[in-house]
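Novice: Read off the chains here:
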Amino acid sequence: MSATDHSISAGGLPPARLLPGHAALRRVIAADIRPGLAISAIFLAVLVFAGIFPNILAPTDPLATDPSHIFAAPSLDHILGTDENGRDVFSRLVHATRSSLLLGLGAALLTTSVGSLLGLLAGLGPRWIDNIVMRISDILQSVPEILLILVIIAFWGASMSTLLFGLGFAGLSNCVRQVRAQSLVLRRAPFVEAALTLGLRRWHVVLRHVLPNAIKPVLVLLPLQIGIKISAVATLSFLGLGAPPPAPNWGGMLAIDRDYVLNAWWVAAAAAGVITLTVLSIATLGRDLIRRSEGRR
Amino acid sequence: MKHLKYLAWRLAAGAFVLWATATIIFVAINLTPGDPAITVLGSPEALPTPAVLALIRSEYGFNEPMHTQYFHYLLRLLHGNFGESYRLHAPVAHLIGQQIGASAKLILGAIPLALGVALVLAVSTAKRARWLTGWFDFIEVTLASIPDFILGLLLLLAFSFSLHLFPSSSTQGWTSIILPILTLALPIAARLSQVLRRELEEILEQPFIVTARTRGLSDSAVRLGHALRHALIPTLTIAGVLFAGLLSQAVVVETVFNRQGLGRLMSDSATNRDVPLVLGIALLATLVNVVVNIIIDLTYVIIDPRVEK
Amino acid sequence: MPASLAPLLAVEDLRVDFPGGREQVVRGISFTVARGECLALIGESGCGKSVTLRTVVGLAGGVVNASRLEFDGADIRRFGEAQWRQIRGGRIGFVLQDALGSLDPLRTVGREIDEPLRLHKRLTRAARQARVIELLRDVGVPEPELRAAQHPYELSGGLRQRALIASAIACDPELLIADEPTTALDAVVQTQVLDLLAQLRARNTAILIVSHDLAVAARLADRVAVMESGRIVETGPTQQILRNPQHPYTRSLIAAAATVHAHDKIVVSTAARAPAEIEIEVRGVSKSFKGPDGQLRSAVANASLALRAGQTLGIVGSSGSGKTTLTRIILGLEQADAGEVLFQGRPWQTLSSADRRAARRRVQVVFQDPLSSFDPRYTVESVLGEALAVAGYKNAPQRRARAIELLELVRLGEEHLKRRPLELSGGQRQRVAIARALAPNPAVLVCDEPVSALDVSVQAQILDLLREIKQKLNIACLFISHDLGVIRRMSDEVVVMNQGEIVESGKAETIFSAPRHEYTKLLLEAIPVLDVSAVAAA
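These protein sequence lines map, in sequence, to chains A, B and C. Note that the first sequence covers residues 0 to 296 in numbering that gives the first Met the number 0. Note that the second sequence covers residues 0 to 308 in numbering that gives the first Met the number 0. Note that the third sequence covers residues 0 to 537 in numbering that gives the first Met the number 0.
Here chain A stands alone, though its shape is the one from the complex (with noise of 0.2 Å):
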């Protein structure tokens, strides 16, 4: 309740009505239809798609080079153009997406999954395996993220493992933190109790009431989870760290030499594109699954 919308109208006339077609646009604008949701389910399903499928939808060999094509503008042969070597830049952008859709999910599932572990053992385990805990979480939250990414490559070389086990790092702690916190409420929870008093067992009543509610709250998050890595790999691959070279990678398209991108602008706008919308889209969906839930609450 504001105090910059007390409107009081005289002499109890009926508000002022907008016309019908005024009252639609401004609930678009109001973002009360959400026209954002539908277009980025599409968007991911294309996405999804193209991980499973390349071949289909961009039959063009992504590694293929055509010396006598070097940056050539979007044409019908190559609908985002070429890059520097000649190569499809579509046909490398859709070819792409598997890893970076899978690397994404992967680090994803890994900070969720071990962090769950952990911020469960901390909050509902004894206190000293709560003190361990949470001082290795310490640690590893004063380290900024992608720094954490660069030591590890630095010490093991640049892999997909070390690439994934670097992504499940960071933002481990915040997980751990996130599900801990949680418990810790939850281990007092009236329902809790009274489960305890109908007389069930401790890890019983842990694993039914405690563990389900204690880990929804990092499952909601999972989708923006999913796109903060992606993210992360894209500037990972941008930076050189990525997977090696002749595959195709979205960071890896945007690293070319800065001059090109006055000329061949496409090149980079193209790749610069996808990531958006991916995350973009990743984010838009993963906002409307918190609402939802928050809303049921």
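No lab work stands behind these hints: they were computed from the structure. Be careful, since some hints might not be right.
[Said to hold, decoys possible] Lysine-lysine pairs mimicking DSS-like chemistry, simulated, CA-CA at most 30 Å apart:
| no. | chain 1 | residue 1 | chain 2 | residue 2 |
| --- | --- | --- | --- | --- |
| 1 | C | K417 | C | K393 |
| 2 | C | K417 | A | K215 |
| 3 | C | K417 | C | K471 |
| 4 | C | K393 | C | K471 |
| 5 | B | K4 | C | K289 |
| 6 | A | K215 | B | K126 |
| 7 | C | K471 | C | K506 |
| 8 | C | K520 | C | K506 |
Model the placement of chains B and C on the given structure of chain A, informed by the hints.
Specialist: Just chains B and C, lined up with the frame of chain A:
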């Protein structure tokens, strides 16, 4: 007295984190299979000469017993000696010292900008008409979720290549720093503004806000005088995490804008597996993080009188 | 009232809508408040009374329509923000329900009281400070200089409410609006705050008070208006309304209040007469907690009591008296530092974990907040199913049949099986909680403030249900409440707790007719008195 005790406790906790990080690094160097001297150099592909290997072994004392090595290692760190970059043939501390200024300029420019933008945005848009907050929300989500390097490239494209307002890559002159600072600050401002607005909207529903209004306080006085202080408490926690992560972002921004700096040094070193240099910068980042967190914790004491209880 | 005397506040045909809301919240109500008069708006939660109050200071937040809305002759419908700000705090003071939430927790009490002075009076800093101290002293806050420098959380509930009132009357408003000013308070403090409001009225401040509690209105108001779902169904002088209510809703409110705050009805169950065996015995139990300042604070000190089969033992005490901690120790959810709890002659601590689980089934609990007592993911059927599975009902059809039986016992139907707790009303949730507690056929039912989160009329229903069930199943009952009226209605024996200690215990009749301890006397005096002697005749 109570404050001093709290400060001492926080300093001790910070020191613990630093010690633990250093120890984990020590364990990592020694537990990696193979010759630890090779690990320090990055990989066998570095093709080290026997002379270099011998130098590393004596520097790190790999021939001595483990506990002596550990003790000497901690002692060296305490003296600010992070070892030697064999790739660049210079002490790590010296290399960091050369680059830290450029990064500090970026980061110290970005923090007030991000805070200012977030405060103005959140305070003026919290609990306003839905279509207004809806649009701001959309812009913030976009800024917060697209990767930094794409934001940087977009800014470059718009302001340098198309409008020619700012130089595209240079470390010289004040104009060259504007786009990098924007790239650093905007995503942080967007995230902070989101948190702050959500907190403000919750606070503005509280009974004490209604009470303040029933006393005849104006809307802006209610927002600034009563609500903001409350909303700042949880926002500061997030701000601490985001500010401490600025060095991470600097890695990206310095690459995009082709600038000198710690971030650039870090990513180059990681690519070339220059372990001592990477570890030196990581330890520095940890130190910065610890210090930022202590400052934030002390700020709580000022904002919230309940903290000391 | 005489026509020559214009009312201070006049409201005619007031309607408030919230955009997007399905129904009007306030649907055409009219009332007036004269100078120096006290009008009470009475109604249950959601009847639109709080929105009405906020409309009077222009903070309703919805679309307000009225054929007349006047304060001291000025049409407040046409007020701009600047005019509103002069009225708010300056000529109309506002007191909200919960003083802990209604005072800015990050500011000192003195600064909060100073705020209206700063806004409305041209005074020097020193003069304002002196006025703050004077105000605190006026509302009966001891050591005002010290209190002014403290934060709300450092004050007791009663002092906080006084400080809040002080900030509302800082500029000597002509009208004081109070939204449930005593609801969050203990009975003793409630009386003090009502006395304070009565003093203000005696100084010719008009008061518009909102309450769900008829007893509060009876104490303070000259006139009463009864609200039901956005309409005023009955209005008139307080005594007339209480003695001779015309509208059925008013009658039901009075009847409910009369049963909850029953004076003369003392339930003596037959089982309590014979010396039955002891179900639960508490022997010298003590428990301390580490306070936030690191010092040990005693929550329960050397408490002993015995609950016999079929009997109801009431534990009464204000918040912080240790009754909740004692309950948790009895339930085995908390470990005592010293002393022991015996269940049917055997101490909890010595039982093996299997025996303890079996014993637990015989002692069941109903908590205060019915919503958080259920796993949010569960339906009523799965809630009851889980309890029944523990009780030995192995197959699903059996469990379902028994669940329906249990629901019937608590006056709910089969159709509620598929619902989730969120889809039930507060009273229905508490009924499900009772059904779950009954599922394992317990010997003892522990009720921890089972009705304090409910509306008065629902309270009466739940209390009736509990009594009925207790008699039907002949189970012992441990009944914990801060409300003496509720305790008196339910208990055979009573234990009075204050600051962690049991100060008095004995037969309910004895304690209520001849209290020995000072604290018990204080509690008894503070029971909200509702003069309804004529109601029975009506």
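Novice: Hints numbered earlier in the text: which of these fail when held up against the supplied structure?
Specialist: Violated hints: none at all, because every hint is consistent with the structure.
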